[in-house]
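Enquirer: Using the hints, put the two standalone chains together into the complex.
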Amino acid sequence: MMVLIVGAGRVGSAVARSALAAGHDVSILDEDPLSHERLEVGMDTSWEDAGGRFTVGTALEIEALEAAGVAEADVFIASTDGDNTNLVIAQIAQRRFGVPKVIVRVLDPARSDWYAQQGLHTICPTKSAIAELEEALGAMG
Amino acid sequence: MYVLIVGGGKVGLNLTRELVAKGHEVTLIEGDRSLYLRIEQELEHAVQYGDGTELWVLERAGIQRADLVVAVTGDDEDNILICQVAKEKYLCDRIIARCNNPRNLQHFKLLGIVPAVSATDLILNLIEHEVPGHGLVHLLDLPDEQLEIIEVEVVEGAPAQGRRVSELGLPEGSLVISVLPRNGGGFVPKADTVINVGDEVLIVLDPGLEEAITAQFAPDGLVG
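Just so you know, the sequences run in chain order V and W.
123 is the number of the first residue of the first sequence in the numbering used here; add one for each residue after it.
25 is the number of the first residue of the second sequence in the numbering used here; add one for each residue after it.
Don't read these hints as lab results, they were simulated from the structure.
Please note: incorrect hints may appear among the correct ones.
[Stated by the list, open to error] Derived list of chain V stretches under chain W, where covered just means 3 residues or more per stretch with a C-beta under 8 Å from a C-beta of chain W:
1. 180-194
2. 205-219
3. 226-235
[To be verified] No farther apart than 27 Å at their CA atoms in a straight line, the calculated lysine-lysine pairs in the DSSO-like style are these:
4. W:34 x W:111
5. W:111 x V:223
6. V:249 x V:223
7. W:113 x V:223
8. W:113 x V:249
9. W:133 x W:34
10. W:133 x W:111
11. W:46 x W:111
12. W:133 x V:223
13. W:133 x W:113
14. W:46 x W:34
For glycine and all other residues, C-beta sits at the position ideal for the given N, C-alpha and C.
Just chain W, with the same shape it has in the complex (with noise of 0.2 Å):
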């Protein structure tokens, strides 16, 4: 596979020592030239000096024959323009863009620009799935499909508690799939299933539903 990789920071470097060591061949844009010559020393000629944003450099690069563009600068703005040139332009197939401020999430998809991979929103997704007692965890989005799966915790008090499934007054269009008890064994529950204080319940259900199902596992009914 030939990958190109525009921004030689800490994530394009590494990504390229990966890719390289794992047999692809990988051609890095840095812009910053006494970023380059460092990283020339190491990378030699799969390393390239120039604005990763301008068609002729991409071009050098060979953009017309890459399977895969990785932008991952630390502009935004440049990393949409990359990944739109390489997507309409170059008819590359497969592009990934590094989002550094997730609030211009947004702009990515608006264009286009997916997958956009943002490091914040990925660790907030961590701390919000380790950081017990948080209530709500979004395990899948799929905004195509009108469907999410999110996990909730049965905390003490809340109105699910010690009740079965086909008790627990889910809104039209969601549904219970999965029950992960405190000490472990999740499995699929029946009708009569209890809920208890612990556990860790998985739902699917369509878009917007979040607040009423909630309200069924936080204490009196409250969401925290």
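With the rest of the complex left out, here is chain V (with noise of 0.2 Å):
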């Protein structure tokens, strides 16, 4: 399968390593070459060694998704800093690419909830958050 992660923060970049080490082929969008090292941390060789594809570029250029190679993706997951970077290249690689699985990360419940009804695949940290907070100060009786 492949996985194509435009955003390697924290999240995007663990997600890359385990699909990697799954046996995925993964290719990583970013536009910060930075994020080139983080990916590597705690990796015994070069994220390209290890088989993944490292872009650097904007994620709203369509030069730099298909250099990335979104038109054979069969999954592409949006995980960028921004909510409406998210929400935007999710639909683009949604309809223009008609890549088959397109996973959203969404820090605001509301947006997150709107954009699920619409049948995109939306993922709320802030939800989770929210909900572990909650479950620990349950716990405290």
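Expert: Written as structure tokens, this is what we have:
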């Protein structure tokens, strides 16, 4: 399976490493070359030697998406640090490139819910944090 | 008319002023605290503070009853999303988006955000229209109807020079609809109208025929 991850911050890079370890083809698009370094933290070899791909570029640039292999992607993960960027590029991947599976990280719970109703697979870390905090609070009685 | 404007930069602020002066009800949303405070001195209750891409901020500003939503922030993703929720979630009939980077215009179109206004493109169109010798000017593009109207200037040495309209050898799917001579007084040509150097010729055509057409009006058939 070919997985394209846009935005290799803490979340994106961790998912990229585990996807590669699981035997998938993994390509990363990030505008900051520094995230390439973060990606290799804790790895024995370089990201490329391990079989990964890395493209430096901005997600809204079609050329950058194409260079990162959006046309061949089976899964597209939008995990930049901007909700609005993620929501726009996810829809581009879905509608323009017909990527079969598109997953979007959206920090704002309200828009995460609404875009999920519109057919996007959204992941909302804020909701997970709220649930965990509520659970921790509940456990204290 | 109730107009909701997101983005209190130069465009948003001046737009708000003009619309208020015309007697419309306007709410401007600005997400930068210090900019908001400055604008608030002038506009008072007509400006609200908040991230205009968040649903509760839009709802607080009354997006449900807005007749028009205008997204003019400096961020294209924000403008796309604001207009998308305005149209698809709040069923607002009319939206206008600002496109900061003309290369993003394709994304606005893909997601149905029209009209998207790009200042760069507007100025570029003006330059193409005003700077002589640039060859071809797009006067009207109707992509859905597969129709364009262009204007070309007849330059010295062009194949069309001195020919009748009927002899121009224009490709199938194109038609000369008007001739604007250099000394003014445009007219609808007949088949035997002679085309002279300096004339501007208006042609209606199917998209994609531009090159074949401009070749007739450029010197030695070359497109400049």
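Enquirer: Each hint needs a verdict: does it hold in this structure or not?
Expert: Now for the hints, and whether the structure bears them out:
1. Remark: the segment 180-194 of chain V is confirmed as covered by chain W, as 3 of its residues place a Cβ nearer than 8 Å to a Cβ of that chain, reaching the required three.
2. For the segment 205-219 of chain V, the assignment as covered by chain W holds, since 9 residues bring a beta-carbon within under 8 Å of that chain's beta-carbons and 3 suffice.
3. Interface restraint, the segment 226-235 of chain V with chain W: holds (3 residues with C-beta to C-beta distance below 8 Å; minimum three).
4. Taking the CA atoms of residue 34 of chain W and residue 111 of chain W, the gap is near 24 Å; set against the 27 Å cutoff, the hint holds.
5. Using a Cα cut-off of 27 Å, the hinted pair residue 111 of chain W and residue 223 of chain V holds, with the two alpha carbons roughly 25 Å apart.
6. Under the criterion of a C-alpha separation no larger than 27 Å, the hint pairing residue 249 of chain V with residue 223 of chain V is consistent with the structure, at around 22 Å.
7. Proposed proximity of residue 113 of chain W and residue 223 of chain V is supported: the alpha carbons are some 23 Å apart, at most 27 Å.
8. Among the hinted pairs, residue 113 of chain W with residue 249 of chain V is consistent with the structure: their alpha-carbon atoms are about 21 Å apart, no more than 27 Å.
9. Annotation: proposed proximity of residue 133 of chain W to residue 34 of chain W holds, straight-line Cα distance about 25 Å (limit 27 Å).
10. At most 27 Å may separate the alpha-carbon atoms for a hinted pair to count; residue 133 of chain W and residue 111 of chain W meet this at roughly 14 Å.
11. The straight-line distance between the Cα atoms of residue 46 of chain W and residue 111 of chain W is roughly 25 Å, inside the 27 Å bound, and the hint therefore holds.
12. For the hint linking residue 133 of chain W to residue 223 of chain V, the alpha-carbon distance of about 22 Å falls within 27 Å, and the restraint holds.
13. A distance of roughly 18 Å separates the Cα atoms of residue 133 of chain W and residue 113 of chain W; the hinted pair therefore holds under the 27 Å criterion.
14. At roughly 18 Å between alpha-carbon atoms, residue 46 of chain W and residue 34 of chain W fall within 27 Å of each other, so this suggested pair holds.
Checked against the numbered hints listed earlier, the structure breaks none of them; every hint is satisfied.
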